[in-house]
Amino acid sequence: MNLPTVEIRPYAAIRFASYGAAFIILAFSVFFLWSIASQANSVFSFSFWLELPENAGRSGGIYPVLVSTFLIVSVCALISLPFGLATAAFLVVFTRADTRLSRCLRICLDALAATPSIVFGLFGAAFFGELLGLGFSILSGGLTLACMILPLLIRMTEKALREVPQEFSLQAEALGFSQVNLFIKVLVPLAAPALTATFILGIARALAETAALLFTSGYVLRTPESLLDSGRTLSIHIFDLAMNVPGGDAAAFSSALALLLILFIISLGATLFERRWSSSLELR
Amino acid sequence: MKRNQIRIVSSDLEDASYGICEDGEEGLGGCATLSVNDLSLHYGSQPAFENVSAHFKPCAITSVIGPSGCGKTSFLYSLNRLIDLFDSARVEGTIRFGRLEISNPDCDIVALRRRMGMIFQQPRPFPFSIRKNFHLPLREHGMKDSGERDAVMEDALRSVGLWPEVKDRLSTSASNLSGGQQQRLCIARTLALKPEVLLLDEPCSALDPIAAGVVEELICSLRGRFTVIVVTHNLSQARRISDDAAVFWIRDGVGTLVEHGPANQIFEQPEQEITAAYVSGLRG
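Those sequence lines, one after another, are chains A and B. Number 283 in my numbering belongs to position 283 of the first sequence; there are no gaps in the numbering. Number 99 in my numbering belongs to position 99 of the second sequence; there are no gaps in the numbering.
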């Protein structure tokens, strides 16, 4: 019997390759974090988070950038999350899967989700900036970001809701639930973990964005006083420090690490929130 | 809103005439009569069953038997309009329930489904706490007082014999119950809404023999209080529990009702040859 030796060799190779790939990814992650952290020396002092930038950002802190980032992402989240959930509810609960309207909607969403963000930036500048007269502002940037992440958010929310086993919808319908309550009281709680992941991904995309914001929220390095002021996000701050400010590299790395920390805190917070929500429903 | 007119109060459950309905005068023993006339169902162009006419004896147990794929479950789904959820399904013919015309598109489906409870093959209570499994549907049907909902829950759980087993763990997840307990919970949850008709779709076939026996006894105990229509593949079970039996068969690829009458007649002296062959185990 030479069958075992013939069989084992490719299996061993596949096993080796799979272990190897996992190890390389792990090693890369550690190296990636280390390479940023090792050059981001100022991030661990309070003054970096709370002080105004000096010398075009080469030294000082990132306080105004943090404020702008928070405001822009908040505008984006406040618009896109309810809108996304409502549209996904329409697709999953309130219309049949194969109507012409829902099929058109899905095609549009998929096309929009694949559109480069710079195109959303141009659109945002023309529509929110010029036509609605918002100019370079937090509001204009936040709304543009909302437009940009909505297609992905809607499709992922739809998917999350569809992954709830159909038996539960059938049970709810058989018990005489209205469609609204079937959605709010059954589908959304049962999809909570996937919806949280969708939320984190959407916010992460918004936080990472630069191109869509260059023409909409601008890149003024000062603390915004209202939603109609211009302001720069962390991502744009990093872009500007790295591209336009000679000697700004150290500050760019510090800002990059700050961005990663913020992302980590958001996803940790969202996950903890989802845990509490689920356990309050005895889902776990 | 029509649905707000349905008020379920806990005292109803203590009422001896538990199954009484608004259209009671039309039926025997307090249940409204349910009859279908020339009912056909197509999925797209594919017929599931055609020209089914039957009159279900009020407050009796009717078993619907027949080989797989003859449209028994689809027939059950047509009765409480759950078939509406299936995109391609098209129903023709009339279903009358007391004075209510179920097949009428304007029929108040929420009210209908409260009056006509349904139990599925797979016992799937919502993966929330046991208490929430009762509170959600009762709240949905307008019972605002939480104490009242608790009382209805206790009565319903007692009526299926589940109360002693779960009374100390009402806030734990219903998913932790055994299969048989989950099925009894589903039945109790349906009974809590004070229905008149119970539609059971193979309620015992996903359970172990002992749990199946308990659920079967429970179904028998509902005789005289509800109109029970139970789809089953288990001929000996059908023989044990039913007053009436309806035999579905596939003719030329289309489901049809071949014989409907008292159970002992169907099992002992069937009129149709095909029924005789089926109940004696020669066909099917």
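The reader is advised that the hints may include incorrect statements.
[As the list claims (entries may be wrong)] Quick list of simulated restraints, FRET-style, between CB atoms: (1) A:Ile107 to B:Trp163: 42 to 48 Å; (2) B:Asp208 to A:Leu263: 45 to 51 Å; (3) A:Met243 to B:Thr172: 43 to 49 Å; (4) B:Arg169 to A:Arg205: 38 to 44 Å; (5) A:Ile107 to B:Ser178: 42 to 48 Å; (6) B:Asp145 to A:Ala21: 28 to 34 Å; (7) A:Pro10 to B:Ser178: 40 to 46 Å.
It should be emphasised that the hints constitute simulated quantities derived from the structure, not laboratory data. Just so you know, these numbers come straight off a predicted model, no measurement behind them. Idealized CB from N, CA, C, for every residue including glycine.
Exercise. Which earlier hints turn out false for this structure, listed by number in ascending order?
Worked result: 1, 3 and 6
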